[in-house]
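Visitor: This is what each chain is made of:
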Amino acid sequence: MVTQFTPVFIIILFAIFGIAAGMLGMSAALGPRKKTAVKQMPYESGMDPIGDARQRFDVRYYLVAIMFLLFDVELLFLYPWAVAQYSATPAVETASGMAPAAIPGVPPVFRGMVFVEIMVFIAVLMAAYAYAWKKGVFEWR
Amino acid sequence: MDVWLIAGILFKILVVVGISQGAVAYLILVERKIAAYAQDRIGPNRCGREVRLPFGLLQPIADGAKMLLKEDVIPSYVNKPLYILAPAIAIIAATIGFAVVPFGPVGPSAPTALGAPFQFQIAPGVDVGIVYVFAVGSLGVYAVVLAGWASNNKYAFLGGLRSSAQLISYEVPLGLSILGMVLIARSLDLNKIIEWQDRNVWGIFIQPIGFLLFLISSFAETNRLPFDLPESEQELVGGFHTEYSAMKFGMFFLGEYLNIITTSYLVVILFLGGWDLPFLNAGQTGWLPAFLKAFVLLGKVGAIVVFIMWVRWTLPRFRYDQLMDLAWKTMIPLAILNLVATAIVVQYAWGH
Chain B
1 MVTQFTPVFI IILFAIFGIA AGMLGMSAAL GPRKKTAVKQ MPYESGMDPI GDARQRFDVR
61 YYLVAIMFLL FDVELLFLYP WAVAQYSATP AVETASGMAP AAIPGVPPVF RGMVFVEIMV
121 FIAVLMAAYA YAWKKGVFEW R
Chain E
1001 MDVWLIAGIL FKILVVVGIS QGAVAYLILV ERKIAAYAQD RIGPNRCGRE VRLPFGLLQP
1061 IADGAKMLLK EDVIPSYVNK PLYILAPAIA IIAATIGFAV VPFGPVGPSA PTALGAPFQF
1121 QIAPGVDVGI VYVFAVGSLG VYAVVLAGWA SNNKYAFLGG LRSSAQLISY EVPLGLSILG
1181 MVLIARSLDL NKIIEWQDRN VWGIFIQPIG FLLFLISSFA ETNRLPFDLP ESEQELVGGF
1241 HTEYSAMKFG MFFLGEYLNI ITTSYLVVIL FLGGWDLPFL NAGQTGWLPA FLKAFVLLGK
1301 VGAIVVFIMW VRWTLPRFRY DQLMDLAWKT MIPLAILNLV ATAIVVQYAW GH
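Note that the protein sequences, when read in sequence, are chains B and E. FYI, in this note's numbering the residues of the first sequence are 1 to 141. FYI, in this note's numbering the residues of the second sequence are 1001 to 1352.
Certain hints may be false.
Here are the simulated BS3-like cross-link-like pairs (lysine-lysine), alpha carbons at most 27 Å apart as the crow flies [unchecked claim]: (1) E:K1070 x E:K1033; (2) E:K1080 x E:K1066; (3) E:K1033 x E:K1080; (4) B:K135 x E:K1329; (5) B:K34 x E:K1080; (6) B:K35 x E:K1070; (7) B:K35 x E:K1080; (8) B:K35 x E:K1066; (9) E:K1070 x E:K1080; (10) B:K34 x E:K1070; (11) E:K1066 x B:K39; (12) E:K1070 x B:K39; (13) E:K1066 x B:K34; (14) B:K134 x E:K1329; (15) B:K39 x E:K1080.
Derived from the structure by calculation, the hints contain no laboratory data.
Isolated chain B (complex conformation):
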C-alpha cells in the first residue's frame, strides 16, 4: 500500500542502511588500524588528562532546557491553530472544489472567539516568560 508518507519511510530506511551504514562500513573496511597507547587517550592538546570528562556542569543549561520545553510545547499548539484559523474560507472552498463542510478549519462564526482565546494563551505564556526573565533564567554573565 502506498500512502503519502511511504516516500518518507523509504528515504528514512535509505538514509539509515544506505548512507549511514554504508559510510561507516566503508570507512571501517578501507582505513588502516594501528592502535597505540597515546592515540587511544582523550585528546587534550597533548597534556595528560586529569580526572574524568563527565563532571558536574552549570545549572543554567538545565534552566534553558526547561524553558525550551515550555516554548516548544506552546509552538506545537500554535501550528495547528495557525493553519486552521482561516483555512475554511469560501474562496478556498470554491478553488478546491470541495464541499464547504469537508474543509477542516475554524468555522467563520467561531473565528473571533478562537482568536481571543489564542491571545489569552499567548498572554499567559508571556506572563510566565516575564517571570522567568525576572528570576534571572536568561542571565549568562
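Please arrange chain E on chain B, whose structure you already have, making use of the hints.
Guide: Coordinates of chain E only, in the frame set by chain B:
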C-alpha cells in the same frame, strides 16, 4: 502498480541524494575559495591541474577519498555504541529532511511523464511539510549531545553542552518566525506556501521581521559563524567532534552542509517566493516552465548559500552570553510580537 510507484520513489531519492551529496562536496570547495578570495589568497588550485581543470575542481574527490582511507581512531575511553551512533544520526537527520522539500513545480502545474504528473518532490502529498522539516532538523541536536557525551573528552563535553543549549534556544525563534507566514498562507505544505506567494506577494514583503528572524536562527541552527560557538577552535579545539576522525568526522561535516542546503531551500520557499518570478506562475504547465522553475529555485538557493558563506568572513564570533541574550531576550519577544501583530491584521484588517 505499487512496485512501479516505489521504483519511481527510489529513483527520485537516489537522484536527490546523489546530487545533494555531490553539491555538498563542491560547496566545501566553494567555501574554501570564498574564504581565500576574502583573505586575498588563491585557495585550492592543485587538484585537477594534470587534466587541465581550473580552480582545483578535483579537490572534493581527493577530500572524499582521504576521509575514507584515513585511520578511523576510536579512543579507548569512549562509550562505543553512542560514539558510533552520533555521526550516523547527524547524517540521517540531514538527509531525510529533503523528503518534503520541493525542487520545482508540484501539484497541478507539474509536467506529465508516462501518463502521470511528475512531481519535483520526493513526498509530494505530505501536508505537514514544514513541521516535518523542523522535527527532523531537531533530531540533529541528538547527534551533538551524544557526540559530546560519548567522547569522554572535556573539550567535546563542553562543546556538546554549549551546542545543545544553542540549538534548542534558536529552535524557538525559528519555529515562531514562520507562524506568521503559515497564518497568511493557511497551510504548512511548502507547495501551497509557494503558490500563495505566486498569487500574491513574496513573503519577505509581508513578513520582513519573520524573514530576518528566520535567517538569523537558521545561521544558529546550522552552526555557522557568527554562531559557531560549538566548535570555536580557539577555545574548544573541535568542540563536540574533537575525538572524531576519518569518515565519522566527514559525516558530521556532510550533515552540516546538507543542513545548509535544506535551510537555504526553506528560506527561499518561505520568504523569497520559491520558483516564483514575475514571468513564471502556477498556470504554466509542461516541461520547459517546469525546468525553468527548478532552475530559478536552484539559483535563489545558490545565492543564499553564497550569502551564508560570505557572512562567515564578515562577522566575528559572538560571546556565549551575547548569543543566549540574542535568542531569549531579543528574538523570542520580537517573534511573538510579529505573530500577534500578524494575527491581529489578518483577523481584523483583511476581513475574512
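Visitor: Hint by hint, note whether the structure agrees.
Guide: Results for each hint:
Between the alpha carbons of K1070 (chain E) and K1033 (chain E) the distance comes to roughly 24 Å, so the proposed pair stays at or under 27 Å and holds. At most 27 Å may separate the alpha-carbon atoms for a hinted pair to count; K1080 (chain E) and K1066 (chain E) meet this at roughly 23 Å. With a C-alpha separation of about 37 Å, the suggested pair K1033 (chain E) and K1080 (chain E) falls outside the 27 Å cut-off, and the hint is violated. A hinted pair counts as satisfied when its Cα atoms are at most 27 Å apart, and K135 (chain B) with K1329 (chain E) qualifies at roughly 13 Å.
For the proposed pair K34 (chain B) and K1080 (chain E), the alpha carbon gap of about 18 Å is at most 27 Å, so the pair holds. Taking the CA atoms of K35 (chain B) and K1070 (chain E), the gap is about 13 Å. The hint holds against a cut of 27 Å. This hinted pair checks out: K35 (chain B) and K1080 (chain E) have alpha carbons roughly 16 Å apart, not beyond 27 Å. In summary, the hint linking K35 (chain B) to K1066 (chain E) is supported, as the alpha carbons are separated by about 19 Å, within the 27 Å threshold.
At most 27 Å may separate the alpha-carbon atoms for a hinted pair to count; K1070 (chain E) and K1080 (chain E) meet this at roughly 19 Å. Annotation: proposed proximity of K34 (chain B) to K1070 (chain E) holds, straight-line Cα distance about 11 Å (limit 27 Å). Between K1066 (chain E) and K39 (chain B) the alpha-carbon distance is near 19 Å, which keeps this suggested pair within the 27 Å criterion. In summary, the hint linking K1070 (chain E) to K39 (chain B) is supported, as the alpha carbons are separated by about 14 Å, within the 27 Å threshold.
As the CA atoms of K1066 (chain E) and K34 (chain B) are separated by approximately 17 Å, the hinted pair is consistent with the 27 Å bound. Between K134 (chain B) and K1329 (chain E) the alpha-carbon distance is near 12 Å, which keeps this suggested pair within the 27 Å criterion. Our distance criterion of 27 Å between C-alpha atoms is met by K39 (chain B) and K1080 (chain E), whose separation comes to about 16 Å.
In summary, the one numbered hint that this structure violates is 3.
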